[in-house]
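Chemist: Below are the chains, spelled out letter by letter.
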Amino acid sequence: MNPIVFVPIASVTLSILIILILDPLLKRKEILGYISILLVIFSVSICIYLLGDRKIIYEGGIFLDNFSNYLIVISFFIVFLILLISINYTSNHSSSFDGFYPLLLFALSGMIIMVSSLNLLIIFLGLEILSISSYALSAIDKKNIFSAEAGTKYFLLGALSSAFLIFGIALVLSTSKGFTLSTSTSILGMALILVGFSFKLSLVPFHAWTPDVYEGSPVPSTTFFSLGPKIAGFAVLLRIFDLYFSGKLPSFITNSLWIISALSMILGNFSALRQRNIKRMLAYSSIAHSGYILMGFLSIGKGGEKWVLFYLLSYLFINGGAFASLTALIKDGKEYVELENLSGLSKRSPWLSAFLSLFLISLAGFPPTAGLLAKFYIFSNAIQNGYFWLTFIAIITTLISVYYYLRPIVFMYMREEEGEGIGIPGFLTILALFIFALGALHLGIFPKQALYFILKAIGYLG
Amino acid sequence: MEIIRELPVISLTIFTPLAGAVILLFLRGERKNLIRGFSLLISILTLIFSIAIFISFERGKSGFQFLEKKDWLGMGINWSVGLDGISLPLFLLTSLIFPICILASWSQIENKVKEFHIFLLLTETAILGVFASLNLFLFYVFWEGMLIPMYFIIGVWGSSERIYATIKFVLFTMVGSLMMLLSFFVLYSYYFKASGIYSFEFSDLLSLSLSPKIQLWLFLGFFLSFAIKVPMIPFHTWLPDAHTEAPTAGSVILAGVLLKMGAYGLIRFAFPLFPSALEQMRTPMIYLSISAIIYGGLMALAQKDLKRLVAYSSISHMGFITLGLLTLNDIGVQGAVIQMVNHGLSTGGLFLIVGAIYERTHTRIMREMGGLSKKLPILSAFFVIIMLSSIGLPGLNGFVGEFLIIAGTFKINITYSAISAFGIVLSAAYLLWAFQRVMQGKAKEGNGIRDLRIREILYFIPIILLIFWIGLYPKTFFAKMEKDVKGTIEVIKSKKSFDFKELLK
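Just so you know, the sequences run in chain order A and B. Take the first sequence: its letters are residues 48 to 509, numbered as in my numbering. Take the second sequence: its letters are residues 3 to 507, numbered as in my numbering.
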């Protein structure tokens, strides 16, 4: 047994312990945030240094290869960015946000456990750690009743989805030998696993919790929900499908994927059209994006994997950036995230508006941003594998999405100013937004480096 | 001029405005004249590059020159640019229009000057890229890349109904371009199936022969995108709004070069790639063109707003251009290509006139003007020249293009040419009537109106010069485009016969 196999999990657990010990000792909670950032940077450096390109297996259920290592780094990166945006946000907010940083690190440990195993039970364990921390993160704004509502909703529906998931896992594990699905019962198990994941990934028709939870939770938590569970969830689902179906999905599964994907795109985009609240609008938009990502699952084994991972990476930057921009829309300790609150924002904070516009046009899929390439790769791959009509739906719904993505820009740049004092981002937020924007542009213009890492990560997928 | 052939001169021209825009980001917004001067400098530098390209372009050769090809994203997506006789005049026109736009907005844009010039320069990069791309994906990137800066230019600096106009503009364009993207994907996967290689290269895709049925569907995707941009009837409804609500520079860009992107796309990509679909669609498209000529003219006749009048005249003139392209004979297509340049100059010029008048009278309604020629003699002289060029007076540029188009149409059908000649009569009617209402008659009150300043005269001069140049000596342009127009028509015709053979098997 190689002890390095425990490094990722151990480093995060140690960080959590340090934070928990320091928490009662420190009066100013920002310092806790800075310490968390340092710990995250330190842990990820150790992981990159020790793991490198190595493939390490521990029979107890840990499996580290390039795919896991890539996702571990991505998970650290997500949490790092969330920490950056949350320090300014929490210090401007009227609620105290006790326990925010340790919970975020707990969620990180869940993500890491999830991606570093091939054993369904351990994946479930990781997913549950991630989910339970997420429930708490969503209810963390004690002064806001909607935050409590969001937490409750997230918890109840999340628990339901866990039930589906665990039942599916039980069916699969009891009937399959190794990674081969022999009977129809095990296919049913996989379908239930798909249902369970669809809840977590907010795919239609299992999406109902998403808008309320995204709207009610404080922005840094929302940003985390739109990145962490989604990216880790999709990646793990990709790996499970690839392992158990070894590149050939049964038609039962592809048909369900087709329908779920089409419904998510249609319902997500059409519902987003009517929203006045930007968080809610982005929540529906993220449902739609889940639909686009799921399109790539249809061509697993035919080149779909790498484009799914590329989409997830682009999504990290553009969707994360869009949510992160909202952290600056805070005044007197309250969030102001209605469309009207953006009026004339370009005058008050030109950089914030420029960044938010960049993320929105990237979400809409305009060049030269990551959004276009991500969509391009997925769509052209789908066409090559014969999914013309699904691509057609995807393209039509993309068109619809242009309307609502451009609407905040109308308010920021083309309306007169109102609502003074909202939207002055702090230094760390600007730094985070800069990183998001850099990623969005870099992936859109020079995607080759990112693709190199992605190809290395799915090396085992073939 | 040898050295120019060795440099990646097209990339240089395309990226100069982009580099300018990036530098502008870091200039302080309060220093308005510095920003204007700097953008002017950048756009003139771009113009110098493209004039150098134009001069060193070898006339005897057919095919693309100054080719550059570098791997960009892999999977057949390359940075591949080049110019031939069809795209060269448009490339030059684009780089000429932008310095003019910057000069024209010098006193008209006072608000958010920095952002305005950034968007202007970004638009220039995108449009130059559209005319030079030889890779379909690259073409799409530039085609879409133009949309966002234009969205801002219309939406932020436009007049009262700007938000409605700009959203309509973006959504219309997006419908088309996404359908085109879908066609690209299908074409791409067919090419992969046929050859085992991923490629978006225009030259590769040209060798692909598809069944007429598939061609028709793919052609419709391309056609929708280009027809919306041209715009052909019935996809034209975005144009009057966008042109009217945009600031002067925006209208000049829209009329001057953006509309040409559609016509250019038809002759460069849609026709050669899908010749048998073209054969099926040709007659309906000719009908659409002719009805655009007549409809645009009649609508222009009915307008009260001068800017809207020019916008509708644009629809009518673009009808001529698509008609010329559809003749598929040397005369007609050459006429259409030169008419693209002419229309850029004359309609762009008319929008500049409207802008200059609006700056002085603060109205665009013709009834509220009148007798301006006494107060604005220079402006009025320019108006006359540009108007006559737009009508097609012999000796001015418009005549050359319209004459060739009608002559080309005559070869295929006399009735078509007779009806489209009636369009010229209409254009004489609405423009002369507009001139009479605006410039002649009794002067309305409103003293203190100044005639054109030196800066304003400066930007009319290149337009006027080119109007006479093309009118009197069009050979400068024809000599460079002749071979390539012939070549393109040959490609369209030869591929068509090949496809029929395939059908007979």
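Some hints here could point you the wrong way.
[Stated by the list, open to error] Derived lysine-lysine pairs resembling BS3-like cross-links, with alpha carbons at most 25 Å apart:
1. B:K488 - B:K413
2. B:K446 - B:K306
3. B:K170 - B:K195
4. B:K488 - B:K477
5. B:K485 - B:K495
6. B:K72 - A:K495
7. B:K376 - B:K485
8. A:K394 - B:K34
9. A:K295 - B:K114
10. A:K503 - A:K349
11. A:K353 - A:K102
12. B:K413 - B:K477
13. B:K413 - B:K306
14. A:K503 - A:K190
15. A:K349 - B:K306
16. B:K114 - A:K394
17. A:K353 - B:K195
18. B:K71 - A:K495
19. A:K295 - A:K200
20. B:K195 - B:K71
21. B:K306 - B:K444
22. A:K381 - A:K76
23. A:K224 - A:K102
24. A:K353 - B:K215
These aren't lab readings, by the way, just hints derived from the structure by calculation. Predicted model, so just to flag it, every value in this text is computed and none were measured.
Chemist: So, for every hint listed, does it hold in this structure?
Modeler: Okay, the hints, checked on the actual structure:
1. With a C-alpha separation of about 16 Å, the suggested pair K488 (chain B) and K413 (chain B) falls inside the 25 Å cut-off, and the hint holds.
2. Proximity of K446 (chain B) to K306 (chain B) is assessed by CA-CA distance (about 17 Å); at most 25 Å being required, the pair is judged to hold.
3. Between K170 (chain B) and K195 (chain B) the alpha-carbon distance is near 38 Å, which puts this suggested pair outside the 25 Å criterion.
4. Proposed proximity of K488 (chain B) and K477 (chain B) is supported: the alpha carbons are some 16 Å apart, at most 25 Å.
5. Distance hint between K485 (chain B) and K495 (chain B) is fulfilled; the C-alpha atoms sit about 15 Å from each other, no more than 25 Å.
6. For the suggested pair K72 (chain B) and K495 (chain A), the alpha carbons sit about 14 Å apart, so the restraint of at most 25 Å is met.
7. About 48 Å separates the Cα atoms of K376 (chain B) and K485 (chain B), which puts this hinted pair outside 25 Å; it is violated.
8. A distance of roughly 16 Å separates the Cα atoms of K394 (chain A) and K34 (chain B); the hinted pair therefore holds under the 25 Å criterion.
9. For the given pair, K295 (chain A) sits about 56 Å from K114 (chain B) by alpha-carbon distance, which is inconsistent with the 25 Å threshold.
10. As the CA atoms of K503 (chain A) and K349 (chain A) are separated by approximately 17 Å, the hinted pair is consistent with the 25 Å bound.
11. Distance hint between K353 (chain A) and K102 (chain A) is fulfilled; the C-alpha atoms sit about 20 Å from each other, no more than 25 Å.
12. The suggested pairing of K413 (chain B) with K477 (chain B) holds, with an alpha-carbon distance near 22 Å, which does not exceed 25 Å.
13. Using a Cα cut-off of 25 Å, the hinted pair K413 (chain B) and K306 (chain B) is violated, with the two alpha carbons roughly 37 Å apart.
14. For a cut-off of 25 Å, the pair hint linking K503 (chain A) to K190 (chain A) is broken: about 46 Å separates their Cα positions.
15. With a CA separation close to 60 Å, the supplied pair K349 (chain A) and K306 (chain B) exceeds the 25 Å bound.
16. Note on K114 (chain B) and K394 (chain A): the hinted pairing holds, with a Cα-Cα distance of about 9 Å set against a maximum of 25 Å.
17. Between K353 (chain A) and K195 (chain B) the CA atoms are separated by roughly 21 Å; this keeps the pair inside 25 Å, and the hint holds.
18. The suggested pairing of K71 (chain B) with K495 (chain A) holds, with an alpha-carbon distance near 17 Å, which does not exceed 25 Å.
19. The straight-line distance between the Cα atoms of K295 (chain A) and K200 (chain A) is roughly 36 Å, outside the 25 Å bound, and the hint therefore fails.
20. Between K195 (chain B) and K71 (chain B) the CA atoms are separated by roughly 24 Å; this keeps the pair inside 25 Å, and the hint holds.
21. Taking the CA atoms of K306 (chain B) and K444 (chain B), the gap is about 18 Å. The hint holds against a cut of 25 Å.
22. A hinted pair counts as satisfied when its Cα atoms are at most 25 Å apart, and K381 (chain A) with K76 (chain A) qualifies at roughly 18 Å.
23. Between K224 (chain A) and K102 (chain A), the direct Cα distance comes to roughly 24 Å. Compliance with the 25 Å bound is thereby established for this hinted pair.
24. This hinted pair does not check out: K353 (chain A) and K215 (chain B) have alpha carbons roughly 33 Å apart, beyond 25 Å.
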